[in-house]
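Trainee: Just so you know, the sequences run in chain order A and B.
If you number the first sequence the way the numbering used here does, the last residue is 464 and the count never jumps.
If you number the second sequence the way the numbering used here does, the last residue is 559 and the count never jumps.
By construction, these hints were calculated from the structure, which means they are not laboratory data.
Possibly wrong hints are sitting among the right ones.
Footprint (simulated), chain B over chain A, 3 or more residues, beta carbon under 8 Å [what the hints assert, rightly or not]:
1) 278–289
2) 325–335
Here's a subset of chain B near chain A, in silico, CB distances under 8 Å, partners left out [as the list claims (entries may be wrong)]:
3) Pro324
4) His437
5) Ala439
6) Ala443
The model shown is predicted, which means the values in this text are computed figures rather than measured ones.
C-beta atoms are modelled at their ideal positions from N, C-alpha and C, and glycine is treated no differently.
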Amino acid sequence: MVKRLIAAAVLALLGIAAQAQTETPERFEEVLWSLMSYNGRDYSPTFCREDGDMVCVIADAASFTSIRTSLVYWWPTTGEWYTDSKALNVVHEGRLELRDRRGRLVDLEPVTYTYCSVHERYSQVWRVLLGREAEEEWARYQGLQEAYRTARSGYGIAKASWDEEYADLSARIASLRETGRPYRAELDRLEGMRPPTEPAEASEYLIPPAEPRTGYVLRLPPGTYAARLVTPEGLVLEGSERTVVAFPREGAGTVGYDLIPSDRWTKTVESNQPSSVIYSAGGVHLYARPFFQDEYNDLFYKKAIDNDANGNPALRNWIKVRQVEAARIEVTGGHGATLRVEEMPYYVEQTEGTAMGYAIVAFDAEGAHRGQDPTLRAFDLPVPTDADTLRLRLFDAEGRSLPGGDREIRVVKVAKRPYATLLLVLIPFFMGIAVLAVRGRKTGI
Amino acid sequence: MKAAARPRRRAHAALVIAQRLLFETMIGPGIYVAACCALLAAHALVTEFALSIEPGGFNPERTALYRLVYELIVSAFGQTFFDGLFAEGPFVLAYTVSFGLLAVYFASGSVTRLAMERRVGAMELVCYGPADGTSCLLGALGRDMALSLCSALLLLAFLGVLSLRHNLAMGPHLASAAAALFLLAFAVSSMGLLCASLATRAASAAALFTGLLLLFAVLLAARYAGVTGYARTLASALSGALQWFSPLFWWDLAVRMAERGALPACVGLLPLAALSASYLTAAHLLTRSAGSGPW
């Protein structure tokens, strides 16, 4: 009897567990703002639900939105909201009406758009294309893709033919060699055979343009706007009302540094504020990478990337935009001389043996690292233990000092008895005792 | 008494009272114990920071104190706040903690003492017959400011020694923080004097002062803390209503404006000075309306 009860209980528990696992989250139909927000470096896809408090976009930069009705659900495993656009995805048409705090109206009509990024040495540059330009860019990209596919197909045929010819000639040489007949001419021909060149994919795009879509381009001056969608019938779409915050980019052009210590490649130290000081215990090489950076409101920036994210409206965050090109650093201090450091490519190698660490070595394009890309381009700043303060000045390719690019590296000294200064702390204490003693003697207490 | 001579007499009485209060403070043990505690806090924060530096930079995990500081600050205010606080080194935090400790000690001492004297009318009766209530307020304020100035100089000298010893930078943020904190101490003392004028007992004056200070501190902390939902709404509503009377709000605003380069620190601190003046005016009017009664 007891065994039966236990078996029934186990089965019941298994049933509950299985139900819990297969339980699908509840879906809600909502009018969403589907967003592709520019984040200063890239585009981030996000969406704003009906009860989302605000839509945040960087001011004076193109972000895209469309208003659609879809299903949303909360996924407790990741703690995030998701859309189920396969089940329901109705894109609403009309004009987007935005009204700023002074009551000025901005009407946005839907446009066809696409965007792509082109590769530069240190970063990517985004191009936003609207209307006919978007269609033309897409057609151009399609043409490039088609040309590549054709070339690839031709290459496949040519390569197969070449492989066949090569195999035939090799077999013929082997046969001639076996029968003792001369094969010099065939061998020369074999050695002179070159395989067909493999066609390269169009490399001008880092991120190619997507098929043009229709939406609203949110390129707004800084401010807060009350927004809603007005349908072609002149009615306000219920659930489309949102507050749009266009937040400004601040501190533009200021330089920040990423510093990678040679003893710990995985632990990058950031020096973002122009007044910040870099501290080190010395005896290390710091690989510095200067970046142009922008400053954004913490809450608004996080919401631009993920509308459900939370941030702090009272704080500001530095966001790295791109590495400073062709710069050079002058280091003064240390042993007196001024050291000019040029940017060099480096490669991170895993060290062998029991250490199981990494080593940053100079990139050897012709030797050990042939065919690979450097891991980082940085300035090697040696920080000796006996140095006190090293002062960095950053210059651009034209030799101009860059604003916010100066830093101090201080080698922190820790005495053998770091608590010896505690004696200074006790001075007021002894003064107090002395005062009380004098007072006691005067008053006779 | 001629009207023109009154301010001069009042200033003289305030000066004499301030000197007397200073003397009394210096012969008591409290100030030395408070100074010891403040220096100890500053010493711990700076020395442990130096011990937390490794070849690759500052690593709070290296020392127990900074592990705790890191966890407290990051969990309450976030990584960005922590990075900004230690961008120049440990001195801004060390100075703020130690000076804050001393300034609150001085102000709360004045509040308790003034409220007690208001009740018994001791000072005028026993020592200074010509002095009135406003002179007593100004005297207490003078005593607080003199002590705050001495504390600031002592702390900066002490931090300078630690800076030389560990090769840590005393940057421009520390200088602006020191100036702003001195003015904040002035505003907090003025607020304390208003509390002393409002309350009828020493205990209620101290409770009012401490309660207000805590409330303003919590509202400021909530501004930077990553609170969400109802807590944020409540904090925003309370801040919206009360922040205009908070010296901490104006101080924070001035510091942030100066950091962003939007306004010079001296201009940003003008509203704080104006708030202090309003506190003092209110305390003076309350004192005068009380007449010669218990004062």
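Trainee: Which numbered hints turn out to be false for this structure?
Mentor: Failing hints, ascending: 3, 5, 6.
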